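Student: Spelled out, the chains give:
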Amino acid sequence: MDLSAINPVLLIASLMVAATPLLLAAIGELVVEKSGVLNLGVEGMMIVGAIAGFATAVESGSPLLGFFAAAFAGAALSVLFAILTQFAQANQVASGLSLTLFGLGLSALMGQSYVGVKPPRMGDIHIPVLSDLPVVGPILFGHDIILYFGIALTAAVWWVLKYSRMGLVLRAVGENHEAAHALGYKVIRIRILAILFGGACAGLGGAYISLIRVPQWTEGMTAGIGWIALALVVFASWKPWRALLGAYLFGGVTVVQLNLQAAGVAIPVEYLAMSPYLITIIVLVILSADKSSAPASLGRNFHASR
Amino acid sequence: MIRLEKRPQPSRAWSLATPLVAVLATMVFGGLLFAALGKPPVEAIRTIFWEPLFGEFSFYYRPQLLVKGAPLVLIAIGLSLGFRAGIWNIGAEGQYIMGAICGAGAGLAFYPLEAFYIFPIMVIAGALGGWAWAMIPAILKTRFGTNEILVSLMLVYVAEQFLASVSLGLLKNPEGFGFPGSRNLQAYDSAHNAELIAGTGMHWGVVAALIAVIFAYVLLNRHMTGYHIRLTGEAPRAAKFAGVNPARLVLFCLGMSGALAGLAGMFEVSGPSGQISIDFNVGYGFTAIIVAFLGRLHPVGILLAGGLMALTYIGGDIAQSNLQLPAAAIQVFQGMLLFFLLAFDLLTNFRIAIGKPEVA
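Those sequence lines, one after another, are chains A and B.
At position 19 of the first sequence the residue is numbered 19 (this note's numbering), and the sequence of numbers has no breaks.
To get this note's numbering, take the position in the second sequence, counting from 1, and add 306.
Hints are computed from structural coordinates only; laboratory data are not their basis.
Nothing here was measured: the structure is a model prediction, and the numbers come from that model.
Treat the hints with care, since some could be wrong.
Stated by the list, open to error - Partial chain B-side listing against chain A, Cβ under 7 angstroms, derived: (1) Leu322; (2) Phe450; (3) Phe645; (4) Leu653.
The C-beta atom is built at its ideal place from N, Cα and C for all residues, glycine as well.
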């Protein structure tokens with residue numbers, strides 16, 4: 001066992017990388033849930049985004065194009081969920097589950113010829129003086145563009161939800177869809193747009209795993225990150241900045257756990273690998289006492305019958 | 307103009323017809339998918355649905371139907387109880403794994419003793435293992451209000467890691483030349499869940515599945531607890547006024563589904579699969595969710611749906627070897643089925659009306 005081999009600077013830098021897929025997926029789902037829809041298909045949309053992004057990046061040679069494809073694929077899959085829940089009035093829990101089951105199968109099918117392929121590398125940005133600073137440089141200024149996009153997206157979602165008219169309408173729909181409908185807002189249309197946004201974010205998060213974090217394609221590679229993202233939204237009490245905090249916390253657990261595995265700690269590998277899931281449960285238990293911040297119409301379908 | 311009008315009461319006819327319509331739609335779209343993959347669509351569908359039942363080698367495949375169907379029905383029956391009451395246990399895969407580990411562990415603890423009581427002990431251990439694993443989300447839900455969907459699902463990943471750990475450590479076969487995996491229970495007579503009638507695929511798991519179907523039917527139609535489950539699902543407010551204890555219901559539904567999933571895992575590990583190994587679980591816990599919905603959360607429906615799903619597993623295997631149809635295509639096919647089912651369910655609760663709405 002050699003803990004001195006763990007470099008704290010690299011640890012924090014890789015923590016941010018590990019947290020980004022979670023953050024992207026969680027921010028997307030946060031917006032969906034703010035509109036009053038519970039989409040349990042995050043895992044499915046992520047994995048489809050992961051393979052769609054991976055395949056596009058490999059075929060075109062451009063990781064950035066891969067990310068666009070991933071966002072599109074995630075949104076495309078979420079259309080199915082939107083049809084089921086917003087038009088066919090299907091149960092949201094069941095529809096979300098079906099999205100995940102379908103997505104896992106679909107991604108395995110799409111990814112058959114991509115196992116073992118190496119994707120083109122996404123370059124890290126390099127800011128002349130800042131990136132060369134010791135300690136601060138690699139942590140803050142030496143990452144890929146998507147990681148910064150994730151943080152910017154968090155800020156944007158926070159601002160839109162809090163200060164813009166669009167955010168107010170979205171929240172109104174999520175809090176009380178009957179009242180929003182009575183005021184003349186198109187509940188179904190707003191919810192569909194939110195679902196599409198959530199799908200695109202989940203797709204991006206998935207592609208981040210397959211293109212940057214791992215980078216490789218294996219079946220079922222999201223390994224529950226989509227579900228942890230769902231837990232993260234609860235952890236964050238539907239607040240964007242707390243989602244960022246939570247994502248870094250879980251990213252930290254994952255990275256520390258991997259580093260301990262590599263350092264050969266006396267704890268068996270399997271028990272270390274369990275830890276992110278166990279910690280998710282513990283955090284959920286601690287935070288589940290307070291449900292007051294959940295959108296009031298969460299998980300309830302709307303049908304304008306009157 | 308085409309509109310949706312809510313039916314005053316769900317249509318019984320459509321409720322029964324939707325699974326059939328969904329299966330037909332899945333066949334059509336699945337055929338299109340297979341065609342897109344460059345496989346003959348009609349041939350593929352025929353291979354999946356016809357070959358196992360009436361094909362040349364059906365004498366071999368028909369018993370497999372029971373072997374694959376039993377765990378699906380057993381798990382789905384348990385899940386359906388909770389789903390009816392709005393209690394979402396989606397971690398059956400984890401409970402299945404824990405049941406298998408506990409069942410096999412109990413059996414292996416006696417090795418090489420041969421005695422009649424070993425198998426019953428394993429059955430009880432398997433059920434308890436699954437039950438205990440499901441009690442974690444149940445107790446967290448009743449004590450702290452934690453979301454049971456997320457907790458039960460997280461525990462699947464924990465169980466998978468635990469499975470890897472025991473197959474490399476605690477339960478590893480000491481005579482296995484260092485390979486991961488436990489002793490083969492098929493070679494240990496007292497612990498072997500053998501076929502009851504040779505060549506039929508009928509083993510104790512199938513018997514348990516049939517008992518579970520009857521039990522669930524009686525429970526839902528003739529028993530107070532079943533009535534409470536149905537009431538909570540259909541009219542939560544009325545259930546509250548009627549004095550239904552929600553905590554007890556959560557503990558009952560999750561515990562029951564956990565125990566049944568554990569039993570399924572135990573019968574699988576001591577019979578068809580034979581040993582605990584890293585990749586012992588194959589996703590029955592998740593497919594069972596589809597089975598439960600396809601069977602309309604009704605015990606008899608689940609029995610039929612379990613058979614149909616088993617058919618797609620076996621037919622999928624045949625299509626894989628005969629037509630080189632990728633295994634993942636079957637997974638997509640099964641996922642599609644749930645999609646269509648949920649979509650066509652619209653017709654149960656709504657009717658499609660053409661023309662302008664009448665002024666009331």
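Student: The structure should be examined with respect to each hint, and the outcome stated for every one.
Tutor: Evaluation of the provided hints:
Hint on leucine 322 of chain B is violated. Least Cβ distance to chain A is approximately 18 angstroms, over the 7 angstroms limit. The beta carbon of phenylalanine 450 of chain B is positioned within 7 angstroms of a beta carbon in chain A (closest approach about 5 angstroms), and the interface hint is therefore held. For the restraint placing phenylalanine 645 of chain B at the interface with chain A, the shortest Cβ-Cβ distance is roughly 5 angstroms, inside the 7 angstroms limit, so the hint holds. Residue-level restraint check for leucine 653 of chain B is violated (minimum Cβ-Cβ distance to chain A is 9 angstroms; threshold 7 angstroms).
In this structure, the hints that do not hold are numbers 1 and 4, in rising order.
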